[in-house]
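Number of protein chains: 2
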Amino acid sequence: MRLSLDRSRALPFLTDRDALDGAVLDAHGKVLTGGTRSPEMLGWRQMLLEPDDALIESVQNVASEIRERADVLVCVGIGGSYLGAEAVNQALAPYFGADSPEVIFAGHHLSPAYHEQLLAYLEGKSVYVNVISKSGTTLEPAMAFRFLRRFLEERFDDADRRVIATTDKSSGVLRGLADEKGYRTYVVPDDVGGRFSVLTPVGLLPIAAAGHDIRSLFYGAVGAARGLTDAGADHPALAYAGDRFAFHEAGYSVELMSVMEAKLRGLGYWWQQLYGESEGKEGKGLFPVTLQYTTDLHSVGQYVQEGKRLFVESFLRLDDEKAGLTLDEEPDNPDQLNDLAGTPYGAANKAAWEGTAEAHREGDVPSWTWTLPRIDADALGEAIYTFEHAVAVSGTMLGVDPFNQPGVEAYKKKMFRLLGRD
Amino acid sequence: MRLSLDRSRALPFLTDRDALDGAVLDAHGKVLTGGTRSPEMLGWRQMLLEPDDALIESVQNVASEIRERADVLVCVGIGGSYLGAEAVNQALAPYFGADSPEVIFAGHHLSPAYHEQLLAYLEGKSVYVNVISKSGTTLEPAMAFRFLRRFLEERFDDADRRVIATTDKSSGVLRGLADEKGYRTYVVPDDVGGRFSVLTPVGLLPIAAAGHDIRSLFYGAVGAARGLTDAGADHPALAYAGDRFAFHEAGYSVELMSVMEAKLRGLGYWWQQLYGESEGKEGKGLFPVTLQYTTDLHSVGQYVQEGKRLFVESFLRLDDEKAGLTLDEEPDNPDQLNDLAGTPYGAANKAAWEGTAEAHREGDVPSWTWTLPRIDADALGEAIYTFEHAVAVSGTMLGVDPFNQPGVEAYKKKMFRLLGRD
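As given, the protein sequences belong to chains L and U, one line each in that order. The opening position of the first sequence corresponds to residue -19 in this note's numbering, with each subsequent residue numbered one higher. The opening position of the second sequence corresponds to residue -19 in this note's numbering, with each subsequent residue numbered one higher.
Treat the hints as calculated values from the structure; they're not laboratory data. Warning: the hint list may mix true and false statements.
A short, non-exhaustive set of chain U residues, derived as facing chain L with CB atoms under 7 Å [stated by the list, open to error]:
(1) Gly2
(2) Ala73
(3) Glu96
(4) Asp137
(5) Ala139
(6) Gln282
(7) Asp300
(8) Ala331
(9) Ala339
(10) Leu398
Every value quoted in this text rests on a predicted model; they were computed, and no experiment measured them. The beta carbon of each residue, even a glycine, is placed where N, CA and C say it ideally should be.
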């Protein structure tokens, strides 16, 4: 079974939706043939059509060394340089207990307390660092890496061996530093933007170092990419892209990604960047917000049900109806749950999804439901590519460039000016 | 120094704002004198004006016992029964290293994997459970508590001593069960709604069990409550409430709570429930979304800067300009950061806040900036009360009942029907 999309609670809100299919297939064709805006940034698809098995094996080998030698791998990066790896690692890890090696992200913000306490925490541990930055000049990772690099140099004879730099193939500050120090490096391809980079070494190394199967992850995406080649307008990626465009044009403003399994929250955050950066420009786009149910039904659920009407909603659930602990009969029924005897957690969670989708429909919130067959590397790879392809199509339909992010520079410029940097 | 509010990037977007001050003070007066809708739910203020020191001491004593005897305290609750405690514990804990006892939340969703793995993780550990539910019938905590209760009963001779129930004073399933088993109990007051309950035993016990100073937390809020008694329209809580109402009436839809320190993210989630449930009804309210900067500037930052114009923004920052590791001169300047020599992390983070607030202002996103003097129990108590009071005022101005949450029932009813429960 593969990733599936249920549109039954979305389509009733759209009129004459079929008339859009031509435009959907037109945009899809542009993604396939390099006819989008910034066509030089379509490498995230091309690299799946021509898999580089040697690269995957190389990453696996370095990851094996890290797993043998490190207590902690610190991954330094921001935005697309960590969200994908965090999403996959969170989805594939057990909920409780310590990982080995522990994978810690840093340089993804400027918290003074975080970075100071991190260095103290690393004391006495065997540490590796994967620094991930195309240019090396983004302030957050650059600052974090300076402190981490010196931490390593002051403590380990083989400090330079403990750093793996994922950066530009030939230029930039980090490339220069890596060449000077002799770090092992991986390349951030020129034709793959940060938010599309989880299946390059940007994401693959931290995921492999955490012990997950990057070959299955990659090939899950390969299968999805190949499957899109001859897809019709009812393919989940294309149907979703077209529906989103239709809702956008109808005036909806916010898309909720409501995950029904807590460990998929990170995938929601990854999606949030992918969609927010790809579509949110020229005054357009659906503002992407991740929720986790049923937790957030007891938080913003009231608003989603009865507040301003702004929303379309993507449920992301797992096909795990029979999973988990199952309620049984208990003598005297002290907690009055016996009427649910025979109900496993998964069935209750499924009822929560379906009940919520129905309640929101009655509250004029259209929704799709994505169902993952299971949480493993293969299924995540398929989901990753599906969402990537869909946003390339929906962004193209909106008329924006899905591959740039000009607005991210605005705060950076002002921050640098305030720091006396220009 | 106390919590402060900078409105300089909000007021320029509002015309004739002063004319609203009368309405602000009128709503404030209703909160002070019981003239709001559901005035029987104003206990969150009253309990601060008449502090119950014996209750705080009792909670501290039980917490001491838990800290001495437990490896893990599992707190079972959803929504207001855990968001406040999680927010405070996250803000006050160090970033790295294991807590003792570990405080784990459960019953805040229906994930099959989470609850199954939790029981496996608890095996062989000394476990206490704090079950928090006014009625005992909310499905998420009820299911989790059934499995946890039986886990304790099968493993510990003193199982009933290891359960503390925070519930209704006299009625409901959980009260009945607690009386039958002889659990120690605390009361969820009738006049305090879940989202306002962090300073009752609902929040105080998990916070004290994590080793934090609940007396300072409580009295920080007491100070803020007393300070509001004679406040003018320029008091931060009232100014914020009035500005929010003005933006709402002007057509803004979404409020971002953008925290500049990662460990304040939980406070954002607590605020999200407080504002979403209090205001999001009758087609009204600002939809509350928590972001964490600078992390999310590399995620939805693009959208906030250049997507649809939906936003007002609250920055929540810490007065920690001089904190953290400081960049110095490094020979040969290998990472080209030497021009920032002398810059501590805190100064860079401050520049990121100010640069972002300016960039967003230019992108037509009005913003306030809340500055916490420091992160400690006292300052958090002040912030908690300030946000509570403000939403009571702004909800009253909107004309909604800030103390009910009728929409939360919608999914529950449908979920129960799907489970064959009615």
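Verification of the hints:
no.: 1; hint: Gly2; result: violated, 26 Å
no.: 2; hint: Ala73; result: violated, 10 Å
no.: 3; hint: Glu96; result: holds, 5 Å
no.: 4; hint: Asp137; result: violated, 19 Å
no.: 5; hint: Ala139; result: violated, 13 Å
no.: 6; hint: Gln282; result: holds, 4 Å
no.: 7; hint: Asp300; result: holds, 6 Å
no.: 8; hint: Ala331; result: holds, 4 Å
no.: 9; hint: Ala339; result: holds, 4 Å
no.: 10; hint: Leu398; result: holds, 4 Å
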